[in-house]
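Assembly of the complex is requested from the two constituent chains, each provided in isolation within its own frame, with the hints serving as guidance.
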Amino acid sequence: MLDFPRWKTIGISIILLLGILFSIPSFLPEKTRDSLPSILQAKVNLGLDLAGGSHLLLEADIADLRKTQLTNMEKTVRTAMRGDSGPDDDIAIGELSNTGGKISFLVRDQAQLDEARERLFSETQGAGLTGQRDWNIDVVDMTRIVLTPTNAGQAQAVANAMDTARDIIDKRVNELGTREPTIIREGNDRVVVQVPGLENPAELKALIGKTARLEFRMVDTNADPAEAAAGRVPVGSEIVPYAEGEGSGAPFEVLRRQVMISGEQLINAQQSYDPQSNQPVVSIRFDSGGSSTFAKVTAQNVGKRFAMVLDGKVLSAPSINEPILGGSAQISGSFSVASANALAISLRSGALPVKMTVVEERTVTPELGADSIRKGAIAGIVATVSVLVLMLVVYGRFGVYACIGLIFNVFLIIAIMAAFNATLTLPGIAGFVLTIGAAVDANVLINERIREELQRGRKTFQAIELGYSEASRAIFDANVTNVIAASLMFWFGSGPIKGFAVVLTIGIVTSVFTAVTVTRMFVAHWLRTKRPTSINI
Amino acid sequence: MRLLKLVPDNTNIDFLRWRKLASFMSFFLVAVSIALVAVKGLNLGVDFVGGQSVRVEFTQTMPPIDEIREKVGDIGLGEATIQQFGSDKAVSIRTALPDGDKAAAERAGQQLVAGINAAFPTAKTGSVETVSGKVSEELLRTGAISLGLAILGISIYIWIRFEWQFGVGALGRLFHEVSLTFGLFAVTQMQFDLNSVAALLTIVGYSLNDTIVVYDRIRENLKKYRKMDIVPLLNLSINETLSRTVMTTVAMVLALGMLLILGPDVIFGFTAAMLFGVFIGGYSSVLMSTPVLVWLKVGPDSFVPRTTSGMEGGERIERKDDGAVV
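Protein chains in written order, with my numbering: chain A, 1 to 537; chain B, 1001 to 1326.
Bound-form chain B, shown alone (with noise of 0.2 angstroms):
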């Protein structure tokens, strides 16, 4: 049986060459996504802003979304945000925390789905969640400080584990792939909720997965071929982890794939996201987080200390086809 084979073997595509292209690409990305972020902000839902969201499913496709603000308005609880929601028929409705007293926030939830139930007779209430300011704003902030936890967290076991180019890489590489998820959500104004911090944290997760590999690739060969220069090294390095790298995409992207398609809509952006991100991480392992490495100046020297100390056994042998490029 002949298998199936991504990358054709012997793949020696030379990567670096386009890593000034890729840089500036990189950095303009994340430039777009912090300043549409800053721009058209994100599209934060009650757990970050607190209020009440009601999602509804009508009988008809393309509910009237017109007619469900005006409907909403008159319950009195201000202006309300409409949003289609994973299939044509369901739509979330969000309205702001109500002024006034602890109490009455705790009834606006229950005002919105009457209101909407009196209005819309035949429309179901699928679910309803309130979120007070002060939970809120906890929400936010712990959300924030477990995305800042994790990239650093990870970051800093790739230092010890690694060196420290190696954690600078890591770190760049992170801020990279939220920043640009933060792009995409501010792009397509889906609601940024603790689900899409899970979906970030998974992304941060995977992405590391990736950078390990090709990383660890480039530990094993920088003991291997002590001569070798740098560029010509990590070349080496990523065009033999290419077919690893390409087929856990396809891996994810199948999977992940499926989840958007089949998968309940209630978690539509989350899967969204993580796709994405596995996309992101694609690039990132191929052309983003190695050429870091060549201006931190990562050399043949880097892992020299430890080779002594009998943490890595690296065989030196030489390869039939070298594989570099020089």
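Extracted from the complex, chain A is given alone in its bound form (with noise of 0.2 angstroms):
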């Protein structure tokens, strides 16, 4: 107990002095903070159930996914046999299915069957680690050719189409100027949004519930409104609504069902101001095959209309004035720098490649955040000022080194969470306190056994040394226990249950080392140099 060696003892206080050097920035204003060398900035994150915010839980539609994978194959196998050049080129296919999620087709003429697997081979990448393809090829009966996507294949799809998702989302969620939003993905298809201070997520989920698909598809002016209004349109044309608030009292447009320009050939849209008039308008910018496509309708179609179509609802359908031949068009109307804005954003951020839904949303005004931590505080406080005293008045002296070691422990809790950047919850708030009574629970394990020990007549160097030794046993195992539930919590839980875990398991490292270690210390200490014949505890 005496022989507590000098590099221990600077160990520890070193540990010490880190630790209440790296709780310091998490109690200071952001302003005070900034000016701190960058090694001191790490704070302790408020979770969005104290910071206020919204947390939304987006899920794939996977079987939309695999229903888009299906029809650009089904695309891409009419453009394959067409062959690049010219008519003699040509495979002539018949049959061609999209059912039972395969792809079959008649190759009319066997000589060029293989020639055909040969072309179609070529469209399919490897995917996974097992040298598979993304697509199986198979000739049926020696006419068909029959593709199906590989599991490692769909796999592969899925992965792109979330990574995919995630950036357009992030993209989104940053036109929002909101300040630092999360979005990560969870699992095979989910993404986690999570926007801090922000109070009605209705903008945020508008924007990313922008799901389906950008199409710009020609207006049918051979529509009669009067049998449009009544349901009826001509063939290969449909009712399209206007989005909200959008086509000035018009409620639809009947439009061609053929699509003109997918939004993926979309490069740019954006708000601005129409050099003659100065009005708002939105640019926008298309790629090289959207650019030639765009020029041959627009050269065609002069004083038509043609429909931006956003998740199946007419944004806008804009009159075509002259052939536009550079791929860059201005789109004009009765715009506001507002509306324009939006109209840009909507077209910018594009198409998600997969439709994503909420299926799980949480916010908290930033009110009642503010009510939870200061009421948590104030929690805090009082509790361990009155673990503090119960101490105190309990064990006297040894309580003193308990406090001592409770205080620091406070402080390294704070230190390693703001080290790793963890966050910190309304029930974090409850672990903290629970560790609190935990953490006196071994202080209380060795001051017992320390006054069983004088009881039993062993002396007073004696009794403390065995007091911690025989207690460290028990201690060891009790917060072995609580280290299994708390892991639990982390792996299992979501969210704020998760900083719970996170505490509780800080906690309850850094609980072991301040009440036994570093009480311990002051103990020895104590005995080093009063040599106390008898103590009071």
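These aren't lab readings, by the way, just hints derived from the structure by calculation.
Think about it this way: if two alpha-carbon atoms lie no more than 30 angstroms apart in a straight line, the pair counts; the simulated BS3-like pairs of lysine-lysine are:
id, chain 1, residue 1, chain 2, residue 2
1, A, 205, B, 1134
2, A, 375, B, 1089
3, B, 1134, A, 171
Structure follows, in structure tokens:
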């Protein structure tokens, strides 16, 4: 007990000092913190339930993605069979079908079967680590080619789509201009979006919710408006409603079913001003494929209108005043700066590659969060102080040591949380208070043991020595079980519960250190310097 | 300075004398708890059943529950569950997931908030939660799994560190504690949500903390007093650790009590459950987890093979006051 080596004392003191140093930034206002050296910038983050804000869990519609994957392959088959160098290069096919999760078609000339297969093979890609392709190409009855997506191919398609979706959502959320949003992929088919400080998630959801594909389609000018109102439209056309607040009175447009240009071909969309009228306009730009299609279509349809359709709703249906050959166009109309900007964002943020739905939403207002912090802080301080007083009253000098350990414990927990950039949630505050209660348990065990050993007639030194050594075993076992419970909470829990588990785990580790090692250092120092023959415990 | 002793020195209570009564009590309470959960059911929050939940703070105390129910009914999201929540101005309003497509569910939260704002312009909606059926099923499943794993994992740890009888004792105790806490949720109809699962896991962890301290002492005494009968030995161990049990329980009650009274009302149920767990934990340590060892025939030989391996260096000294009751 007495031989507490100097290096140990120094080591413990350094840890405690670092603990205090690194916990300070979390208490400082933002401005003061910014002026600190960067190593001291780390602070404890506040969870959404304390800071206020919105948490959204989005789930991808995988079935929809599979459908898209098949439809795209169907298109690919058509293009590939057409060949690059004119009609001579074509492979005649028939009975192209897309059912039962596979693409199947007939090659009319058996001699071209291998060539057809060859061409399709070059359209497939490697997927996964086993050298598998993303599609299986099988020849059936020596006449038919059947394409089925492989598991690896499907998995890769999902992974790619989710990565893209995450990036697009990221872009969209950043358009909101809120601070420090978190957008992360979770599991196979989910994305978590957390936006601190956001009070009304409706805007955010609307922005993310614009899930369907962006399409440019021609307005069917042959449709009779009266007939259309009654639901009768020409063959090859359909009624598409206007998006909410768009269309200036008209409830719908009759559009050709055929998609002129798809959203992926749009490179950019921006709000700008018309150089002549100085009115707000939306400028759009297509990629090379889109440009040439757009040029062709606009040349053929001057005076007619085309529609931009997002999520099955018409955003805008401008007239084509002149052929647009360069791939850049200006959409003018009765835009305000805000509405032009909104349209630009809708166009620019493009299409999510897969439909996403909100499957979980939690929003806490900043006021409620602030109220929780205030009450939590008061409760935490009062709880700590009352436990400290209890220790002093019951254990005297040894209570003082326990209190010192406990106070260091508080600093260490905050410092470690800050260092790991951990998030403090509301249950985390409860975890903090619980840790305070549990931390003294170690000291209680030690001190009770010392009392017992003294009662058995042991000498002061020996009693203290035994108190520490005998209690340590129980302290260790007891804390392992707590770590088991806490780690399960961490693995299985979500958001706030994770926060609770983090505080609990950190608290368990630090409390063993402060309650056993740190108090022991102080007790050893006291014993060495004062050499007491009896103690009051 | 005279120090406060919560438990007088040389306390020697024959706890094991009440072991039959205590066991009967425990079985009875567990049975009642299970029956309560079966009959009254748990007031499952949106985390586990899906739906929308809004916390609304009114300007006046005692908000008109019936009027709120009527107004929320008008929104068209079905019957609402309305509960006083923490402070006397706040209520939680919960509606079931709407039928129909996913988009309907997505809108429901917004609809609810808008409806409430329109009906009660002065009221403030503090938090909104919407959980879909699929996610709530997952949360329920992972919650149940984590609770089960925690109980199992901890029991296995105790079995490895001690003896199988101790592991069984721990398992029984955890089952006891968890059942009773479920009973508490059934009686009070406090909302049972994700936080409640965290509270349960904490109770599981804490309660074992207590058990281990007592079991550790039993292990030590078994090696020290090889000739002593098991009942007096268990009594001795409980009495020796009694002042620690009381002291820690008081500290925990102090800390959690402050959190319950002064802390944020959002986590009232969470704190209440943990506080309850601390109370029954104290009872179990003394009267429940130890008698189990008598039935499972823990004896002086339970740790004999291990002493030779040098794991424990139990000294043999006679106490001045043996404290054993024969």
